[in-house]
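Peer 1: Here is what each chain is made of, one letter per residue.
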Amino acid sequence: MLALGAALALVAPVSAAPPAPQPATRLDWKDVPNDAGRALDLTWVLSPDDKPGLGLVTQYLVERSTSVGGPWTVVDSASAGADKVTDESVRRNTPYYYRVVTVGPGGATPAGSLTGPATATSQWLDTTRASVLALTALFFAFVLYYIRSAQMGKKPFVRRIPGIDAIEEAIGRATEMGRPVLFVPGIQDIDDIQTVAGLVILESVARLTARYETPISVPVSYPIPFAIAQEMVRGGYLQAGRPEQYNPDSVRFVSPEQFAYVAAVAGIMLRDRPGAHIFMGSFYAESLLLAETGFSTGAIQVAGTANVHQLPFFVVACDYTLIGEELYAASAYLSGEPKLVGSLKGADLIKLVIVGLVVVGCALESFGVHGLTQWMATQ
Amino acid sequence: MKRELPLTITAGIGLLMILSFFVPHQVIAVPADFIQASAIIVLAFSYFLGGANLLRVNIDGIYKREPGWIYKLVLVVSLVATVAIGFVEGKGFLDQGRISKWIYDNLYSPMQATMFALLAFFIASAAFRAFRIRTLEAGLLAAAALIVMMGRVPLGNVLTDWLFGLRWLPFPGVPHDLHLSTIQEWIMDVPQNAAKRAILIGAALGVMATGLRVILGIERSYLSGED
Amino acid sequence: MSLHPTHDAGIWVGALLSLCIFSFLYKDNPFYKFAEHLFVGVSAGYFIALRFWTVIVPNLWEPLLKATAGQGVDAAHHGMFAAEQGDYRGWLILPGLLGLLLFTRFVGRLSWVSRWSLALIIGVYAGLKTTGFAQGDFVAQVQASLQPLWVRGHPWEGVNAIIFTVGLLTSLLFFYYSREHKGTLGAVSRVGILFLMVSFGAGYGYTVMSRVSLLIGRFQYLLDDWLGLR
Amino acid sequence: MSWTQTLEKLDRRWIFLVLALLVMGPLLFPLALPLSPSPPVHGFVQAIDKIPDGSTVLMSCDYDPASKPELVPMTRTALRQLWGKHCRIVVTVLWDGGPGLVDNVLREVAAEYPGGKTYGVDYVNLGYKEGREDVMVLMGKGIANAFPRDYRGNDTRSLPLMANVRDYSSFPLLVNISAGYPGTKEWVQQVQGRYHLPMVSGCTAVSAPEYYPYLQSGQLLGLLGGMAGAAEYEKARGEKGAATRGMDAQSMAHVLVAVMIVLGNVVQRSRRQAEGA
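Chains A, B, C and D supply the protein sequences, listed in that same order.
Under this note's numbering, the first sequence has 350 at position 350, and the numbering climbs by one with no breaks.
Numbering-wise, this note's numbering comes out as the position in the second sequence, counting from 1, plus 379.
Numbering-wise, this note's numbering comes out as the position in the third sequence, counting from 1, plus 606.
Numbering-wise, this note's numbering comes out as the position in the fourth sequence, counting from 1, plus 836.
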């Protein structure tokens, strides 16, 4: 870059020899805020010769040095008409001096003055994220408060969701028909929180089937959920006071392969003709195939998943569908576990805050007051 | 060591990640960056584990002559061959003209694409056999689905071109060229968008609460399994 | 219209395997089973080779090798453990070790050691997801919902903003569990479910569109690339 | 047996056959139905139009061959629009199934230009990296830190194009072509807001409805949804690509699915009436 500047200076006299441009003035620096001291902003006032069409200025070179007297190195450049650059090659807490050189066909003119010492420093808080911090902290406080109070035995109120009644009704109908119940806990591994929710629901389903003396069949796709599903079903039979009826073969390991799993479950549906199909967990493209095959057998179907893309297929083919969060709510309600109930209540409270924010914010915006919107802006 | 140390590691690292979002200072930023660089490496190793597991299960099945063992043999041979060729071919193993690239272009790529294309057939048959409109809710779902499906493709607009001539709803600002596609775009922009945002926010709260529980060691389901 | 089948053996192989998979539509059969297992084997093998050459070698092995000579990204900086942001040199032994520890899963008695590596991954993703969702899907989405409900000169925009806000709030309150859905809240959540159903309808339509596109792509491959029908 | 009963007993393989014929027909005998670009597509085109000519743009192609018919056509058109503005392009692929496919597309489009676009100067393919959103955040502290080597095995820092690329601040725009996780959602969450990088997205139709809230909020400046979005993008750019050619077949298949929904309900209703009687 320096060589380029020098070359331009050398070439200039040979051509029509316009005068060297007047220098840029009032170079100023500012530490870039909200970073780890990795950059400095530099601004200047354009050379009086830098006007469109005049062609006297081609670019500005920004030079840096660690001492007032140089040596100077070019660190950045800007084309004519631009009055700022950001130097991202600085080391933090190091003083630098800057000057700006105006380059044109007539030569290169260094600015009369330089600026410095300029130092880039680190900040401890990114102020543009204050709203995210505030709202996140508020939400976490709600969740932790409710988890704590649930642990201390003060069980917060959670309404019974209709999906749970639908599950019980389906099991009842299967019992009347003298047919088994099929439970599918999704096709994901245990690291998907939906699988956990599905397995929690399985325990109370098993409790009901034990009470009604209806066989249950649980095909599982991964080893760890398989082991947990066995525990859950056994626990359900134990809670119902019928541990002797628990059949270890009711939970079977199938395959993590999506289509192989579907084929196996469809086989169970067509062979054993369960009276009720309960799908609770994380589902992907196979939701469609399961719901369709299940629908064609005439069984009562209840589904629940938080995978939004798959919900439409369950909604149209099932008698009842737990939508999104309802899956978690059902598992919290059924298990009564403090961590689940607490999270649910915390989310409920922050939802009221959101509703309030939206109502107030829309009113303010309608009257042309933008303060709240600007405070929440993060982009 | 068996439970406490992993819980402490998760808590420490999780908090560091959250802090690094709010605190730009190098005291937080540099360790966070190192941990993020480390996670990539550990995650890559986990695939070797997955491959080894797949081999173990299938070789076991071949050895015991389980039903379909011959297919398991296909799986094992193709896995081993693909890895071996890839390792031998070196850094640019996916460059034009390499055997690994041929395998990618002519085995992996067409089979993967076709697997997912099967779904088009299943969706058509499910539309016929398992789409029940018996309630107002299901009716709304069906109406929205039909409008969106037809409004998003050229044929829908050709079929509704006659609407173009009509001056609909003398409401100022309402677009006059009322094609099916304009209605489709309105559904996407207004009612579906509002509901999607509600779902999005609800899901975000769920993920954040889970994240908090995992970091604080309240949620341990990921540690389940053998102790 | 006439056939101009390709002379590329690779495309023949790909096309025939595609047909094997399509044969599943008639019924499950040995051709499909063969293709399915071949696919699982090839993809698992490919994923391993890919991670070896794109992660293990460039992000772990090569920097470590360089570090043993005291070198790193910044040539002016010497020392095996002279790390700075983005240039971690010898410190990369730590993730390398954690990666290897994953294999203790195969040693029954020691398998709990692999939890240390798992704990690192879970900590990183739990943290990143928490702040990512907090900013992108929570605060930014709520912020964008604060909109004027009437716009001078654009009544239609105002109507849309009101419908949008009603839809958002009623759908949010549909997922509210601290009170029975009776009375006002019951009515509100009834409205919310209607908006949710419209969004599921839209989702249904778009999913149909996606799946059909994939089929079109396959037919383009079979008809154009393989058979050369034109 | 009445016609509804016949239909009810219908083997679903007949539906498969009808769908296959309806899709194949227009591919062989095109109808050339007219297209008109929708507002989200205009947003995509304009966002790219607005960046200064000659800038360096980040393009993350996060997909694999399963989504090729929807996403490859829009990748092609976006590359042409960017190269038409003499932009330089840094490509990453965060899906493990994708790097080979994306490299094919890059080579094809680069060869369309007289003299070709030069690798390492006009574009760089950094290829795949494990880590999903973790990589996105890591790139924020230095693109080459996360990708020490490119797809071809070169030292990334030695490529001329990468000399001017430090981190996200080096790009005026992120073009994300996304098939799901990780993809547009994660880029919005981890990069767009966190590093203040404006972005546009081309995605599969399945995920498009989920990204509309990001469009309304301005987190996305434009959105191409599925093959229809790609076809409208081609139309807006005056191209006739694979997506445009597929739209007739797409139309026919949609008609079939719509008819199936209606017919299926007619059949169910008549069965219920028969059962009631």
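No lab work stands behind these hints, which were simulated from the structure alone.
If you're wondering where the values come from, they're calculated on a predicted model, not measured in any experiment.
Treat the hints loosely; a few may be bogus.
For lysine to aspartate or glutamate, the following EDC-like pairs were computed, each having C-alpha atoms within a straight-line distance of at most 20 Å [what the hints assert, rightly or not]:
(1) Lys470/B / Asp991/D
(2) Lys639/C / Asp272/A
(3) Lys672/C / Glu690/C
Have a look at the derived ranges for each label pair, beta carbon to beta carbon [said to hold, decoys possible]:
(4) Asp191/A / Ile478/B: 49 to 55 Å
(5) Pro48/A / Arg993/D: 28 to 34 Å
(6) Glu176/A / Lys788/C: 58 to 64 Å
(7) Leu706/C / Arg513/B: 38 to 44 Å
(8) Ile478/B / Gln245/A: 42 to 48 Å
(9) Ser79/A / Leu700/C: 57 to 63 Å
Cβ-to-Cβ under 10 Å is the rule here; a few derived chain A residues that face chain C [stated by the list, open to error]:
(10) Gln310
(11) Leu357
(12) Glu365
Just so it is clear, CB atoms sit at the ideal spot from N, CA and C, and this is done for glycine as well.
Peer 1: Quick check on the hint: Leu357/A CB to chain C CB, less than 10 Å?
Peer 2: This interface hint holds because 6 Å falls under the 10 Å limit.
Peer 1: For the hint 57 to 63 Å, verify it against the beta carbon of Ser79/A and that of Leu700/C.
Peer 2: Because 46 Å falls outside the window, the suggested range is violated.
Peer 1: Does the hinted range 28 to 34 Å hold for Pro48/A and Arg993/D at CB?
Peer 2: violated (41 Å)
Peer 1: Should the hint that Glu176/A and Lys788/C are 58 to 64 Å apart at their CB atoms be regarded as holding?
Peer 2: Taking Cβ atoms as reference, Glu176/A and Lys788/C lie about 30 Å apart, which means the hint is violated.
Peer 1: Is the hint on Gln310/A kept, meaning its closest Cβ partner in chain C is under 10 Å away?
Peer 2: holds (9 Å)
Peer 1: Starting from Lys672/C, check that the Cα of Glu690/C is at most 20 Å away, please.
Peer 2: Holds: Lys672/C and Glu690/C sit about 15 Å apart, inside 20 Å.
Peer 1: Using the Cβ atoms, figure out if Leu706/C sits within 38 to 44 Å of Arg513/B.
Peer 2: Since the Cβ atoms of Leu706/C and Arg513/B sit about 58 Å apart, the hinted range of 38 to 44 Å is violated.
Peer 1: Are Lys639/C and Asp272/A close enough, with their CA atoms no more than 20 Å apart?
Peer 2: Between Lys639/C and Asp272/A the Cα gap is close to 24 Å, so the pair fails against 20 Å, i.e. violated.
Peer 1: Is it true that the C-beta distance of Ile478/B to Gln245/A lies inside 42 to 48 Å, as the hint says?
Peer 2: 58 Å Cβ-Cβ, so the 42 to 48 Å window is violated.
Peer 1: Hint says 49 to 55 Å; check whether the CB-CB distance for Asp191/A and Ile478/B agrees.
Peer 2: Given a distance of about 35 Å, which is not inside 49 to 55 Å, the answer is violated.
Peer 1: Between the alpha carbons of Lys470/B and Asp991/D, is the straight-line distance 20 Å or under?
Peer 2: holds (11 Å)
Peer 1: Is the interface hint satisfied for Glu365/A? The criterion is a beta-carbon contact with chain C at less than 10 Å.
Peer 2: holds (4 Å)
Hints 2, 4, 5, 6, 7, 8, 9, counting from the list given before, are not met by this structure.
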